[in-house]
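Guided by the hints, dock chains B, D and Z onto chain G, whose structure is given.
4 protein chains.
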Amino acid sequence: MRKNYFPSVKGSPPPLRIQVERKVRFEETDPLGIVWHGRYASFFEDARTAAGEKYGFGYPDFEKNEVNAPIRILHTDFLIPLKFNETFIIEGRLHWTEAVRMNIDYLIWNAAGRLATTGYTVQVLLDKEDNLLLTPPPFFLEFREKWRSGGFQ
Amino acid sequence: MRKNYFPSVKGSPPPLRIQVERKVRFEETDPLGIVWHGRYASFFEDARTAAGEKYGFGYPDFEKNEVNAPIRILHTDFLIPLKFNETFIIEGRLHWTEAVRMNIDYLIWNAAGRLATTGYTVQVLLDKEDNLLLTPPPFFLEFREKWRSGGFQ
Amino acid sequence: MRKNYFPSVKGSPPPLRIQVERKVRFEETDPLGIVWHGRYASFFEDARTAAGEKYGFGYPDFEKNEVNAPIRILHTDFLIPLKFNETFIIEGRLHWTEAVRMNIDYLIWNAAGRLATTGYTVQVLLDKEDNLLLTPPPFFLEFREKWRSGGFQ
Amino acid sequence: MRKNYFPSVKGSPPPLRIQVERKVRFEETDPLGIVWHGRYASFFEDARTAAGEKYGFGYPDFEKNEVNAPIRILHTDFLIPLKFNETFIIEGRLHWTEAVRMNIDYLIWNAAGRLATTGYTVQVLLDKEDNLLLTPPPFFLEFREKWRSGGFQ
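Chains as they are written, first to last, in the numbering used here: chain G, 1 to 153; chain B, 1001 to 1153; chain D, 2001 to 2153; chain Z, 3001 to 3153.
The shape of chain G in the complex, shown without the other chains (with noise of 0.2 Å):
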C-alpha cells in the first residue's frame, strides 16, 4: 500500500515515469550496514535527471531557457533499509498539476522488490533573477501540451 502524495485530478494525463538501477555503494552505508538516510536525495534526483532527460525537463533544459527549479520541499519515508551491494530499483513519476511547479514521487523498489523507501519533490520555477514565476515560460508550456496530448506515449 503506498502512500499517494500527489492525489490525481479528474481529467489531467498519466504521469511521466522513469526507472532506473542503482546498486548501493560501500560508502552509502553506515555503522549498521544500511544506506544512510541522507543519502536517498541522491537516488531520488537519479530518477529525476534520467526523466528529465526522456522527456525535456532536465537542468540543462532549464538552463537553456534560462530557468531555475530549486527544490522546495523533499519528503522521504523510510520503509525497508537497503544494504550494501544491493541493486535496487528507482521509480520516479512527473504528476500533472496547473500550477507552475513540478511534483514528482519516487518508489525504490529493493532487490526482493519489495516496496523499500518511498518520497516526493516540489519545486518551482523561478527567472535568473530568482522571481518566482507564476506563468509557465514558452518551453514549459510547449512541454507540458505535448504531455496533455498524448505527445511521450
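It is worth saying that the hints were derived from the structure and are not from the lab. Incorrect hints may appear among the rest.
Said to hold, decoys possible - Think about it this way: if two alpha-carbon atoms lie no more than 20 Å apart in a straight line, the pair counts; the simulated EDC-like pairs of lysine to aspartate or glutamate are:
1. D/K2083 with G/D46
2. G/K23 with D/D2061
3. D/K2054 with G/E86
4. G/K83 with Z/E3027
5. B/K1083 with G/D130
6. B/K1146 with B/E1086
7. B/K1023 with B/E1086
8. G/K128 with G/D61
9. Z/K3083 with B/D1061
Just chains B, D and Z, lined up with the frame of chain G:
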C-alpha cells in the same frame, strides 16, 4: 511564520532544544553556487547528534541499550538557499509524544538571521532483531520521566 | 603517457583488470561546474568493488574470512576535469606483489576517450584485532595461486 | 615520524600554518565504524579553506582575481582510523615554492593526540580560459612578497 510540524499537546513538557553552528563548505555547493538540497540531512543530523549528546538520547545511548532508532520520515522545506562560506545556525527541538518515537523539528537560520530551511524527522525504536518497540525501554522511560519532571531545565 | 605507479616485475602475472561505466551526477559537481576532487575516491571504489566481485577479493570475501583490508594510501592525479552528465569509464588494475597487500591503480577515461584522471590505492590486510597480517591468509593465498597460474584468463 | 612531502629549501620562508578542529559525523563512518577513506578530502579542504581565508589565498581571492586554482594532486596516507564522534585537529601548511603552484601538506591529529593521517595537495593556477599560468598574477606576487618578507608573522 514557521510551519508547525508537531503541534503541542496541552499539558505536555516543552521541547528539548539545541543550537549548533556550521559553515557551508565548498564541496557542499552545486553549480548554482548554493548548497545542494540533499546536504541538509547532514545539517539536521548535526543538531540531532548534539541534542542526543546533551540530553542523553544519542546514538551511543541507544547502542548501549541495544536499541536502534532509525529514521522513518525525513522532511525538508527549503525557503532561502545557503551559500558558500555562509555561517548558519541549526536549531533542533525534540517534541514530547506519548508514542515510542522521537519527533524532532529543525530550523536553519542563515547568516542574515533569516529562517532559511525548516524540516523534521521521525524516528522509531527497534530492538536488535529489528522488532518495533511498542513500549518504551527502561532507559527511554527514565529519560522521558526526567524531561516531564523538568529535570532538563 | 600514463604514470607507472606500480612498475611490473619480470615474471609476475599480468594485472587483473576491470572496467566500469559511470555518469557524473549533478550533486558531484561544484560551483565551477566540474566534479569536486574529493569525489574521485568514490569513482575508484566503484572499480575496486567490481574487481573484487569479479575476482574474489571484495569486501564480502574479506569479511567472510575475518580479514579487513583498509586503505593505507590514496593518490589521485587530476588531468582533465569531468563535467555534469558526462559518461566516463573507470579502469582498475590489481598489480601483482609478493607483499601482503593490494596495489590497485585506476585510469579514468572521459566521454571523449581521453585520460582524465589516474591514481592508486594501497591496502594492507588486518585480522579482526587489527593486527597487520605478515603472511597471507589461506583464502588470499588461493586467490593469488589462481592468479599466478592463469586461472583468471 | 612524519613524511616530508615538500622538503624545505634553504633560505625559503617558513610554511604558513593553520589548525582547525572537527568532529567525526555519523554519516562519515562506514560499516567498520571508522571514517570512510574518501571523506578525508573534505577534512583537508577545511584546513585549506581556513588557511586561504587567514592568509588571502582562498577561493574568493582567486575568483576576484579571475584565477582558478584546481587541485592537480591529492595524496593521503592513513595511519590510524578516526571514529564516530571523535574530535580531531587538521593542521595545514602551505610550503614555499618558486613555481606557480600551491603545495600544502596536512597532518590530522586524533583525540588522543596521535598523528592519524597525513597527506598533501598540489594546486596550479589557471586563467579563466583554463590556460596554465606560468608567471604569477599580481595578487599572487604580492601575497608571496608579504610572505617572504615576514608579513604574516
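Review point. Can you list which hints this structure breaks, lowest number first?
Key: Those not satisfied come down to hint 6.
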